[in-house]
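Dock chain B against chain A, hints included.
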Amino acid sequence: MSAISIRVLYFGIVRERLGLDDEQLQLAADSTVAELLAELSHKRGLNEAGVASLRVAVNREYVDNGHKLADGDEAAIIPPVSGGCDREEPGRKEPGDRETG
Amino acid sequence: MIEITDTIIDVAAVEAAVGGPGAGAVVTFMGTTRDSNRGRRVISLEYEVYAEMAVEQLTGIADDIRSRWPGSAVAMVHRNGKVEIGEASVVIAVSTPHRAEAFEACRYAIDQLKHVAPIWKKETFEGGEVWIGSLADCDHGDDDHGDDD
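Respectively, the protein sequence lines represent chains A and B. Residue numbering for the first sequence follows the working numbering, beginning at 1 and increasing consecutively. Residue numbering for the second sequence follows the working numbering, beginning at 1001 and increasing consecutively.
Simulated from the structure, these hints should not be mistaken for laboratory data. One should not assume that every hint holds.
[Stated by the list, open to error] Per the computed footprint, the stretches of chain B lying under chain A, defined by three or more beta-carbons under 8 Å from a beta-carbon of chain A, are:
{"id": "1", "segment": "1045–1053"}
{"id": "2", "segment": "1116–1122"}
[Unchecked claim] Partial pick of chain B residues on the chain A-facing surface, computed with a CB cut under 7 Å:
{"id": "3", "residue": "Glu-1056"}
{"id": "4", "residue": "Trp-1131"}
{"id": "5", "residue": "Ile-1132"}
{"id": "6", "residue": "Gly-1133"}
{"id": "7", "residue": "Ser-1134"}
Quantities reported herein were computed from a predicted structural model and do not represent experimental measurements. All residues carry an ideal CB built from backbone N, CA and C; glycine is no exception.
Isolated chain A, as found in the complex (with noise of 0.2 Å):
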């Protein structure tokens, strides 16, 4: 079984409690994105604790949990952005993650 490399980002609440920027982390081939939360969680303690939410970006496309990784890619884990729990629902789009269910 071969392994793939990815590199994984980290941003505002999540850069801060983790103290990492940024890191390359080795996965099984075929791996998904939940397979990749899974191992954030099991190596940096990852949860969603004290984020709400995280949504998961691959090559700065949001992606959903069964997304699989190839080797070389960016995975950024996204907590919640600047819009906040005080924004009002614009009737908008869901970024990517309900094409298939």
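Structure of chain B alone, referenced to chain A:
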């Protein structure tokens, strides 16, 4: 014009970027930093931006607007780093042939930006600091929290 900047935003330049002979209306939205939030006295605000992705996301919003409102033009500039009270953290200008669409499209632009742009805001207030959107912020007791995903 889609930009992330560390310096004061030139509003006139953002508006000029959407001007043209087809424009019958220009609506500009300017988000400014205020000195209080949820009863806290705010001392300063600091933005953090995943710049490459932010520019791509804002470009996507602008493309979306141009296809939804034919004949429109969009310019968006957002600050990065420390922003003083009273300064603009974001400026969006939209031009369309007629005014109703300009208001609609500008509202759409800021709402989308707030939802998808990878931009984070840390508020320093008297007695502490908080990342906007975190549980420490949203569980502050106001009735408008909890609409996150």
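So, going through the hints one by one against the coordinates:
{"no.": "1", "hint": "1045–1053", "in the structure": "holds (count 5)"}
{"no.": "2", "hint": "1116–1122", "in the structure": "holds (count 7)"}
{"no.": "3", "hint": "Glu-1056", "in the structure": "holds (5 Å)"}
{"no.": "4", "hint": "Trp-1131", "in the structure": "holds (4 Å)"}
{"no.": "5", "hint": "Ile-1132", "in the structure": "holds (4 Å)"}
{"no.": "6", "hint": "Gly-1133", "in the structure": "holds (3 Å)"}
{"no.": "7", "hint": "Ser-1134", "in the structure": "holds (5 Å)"}
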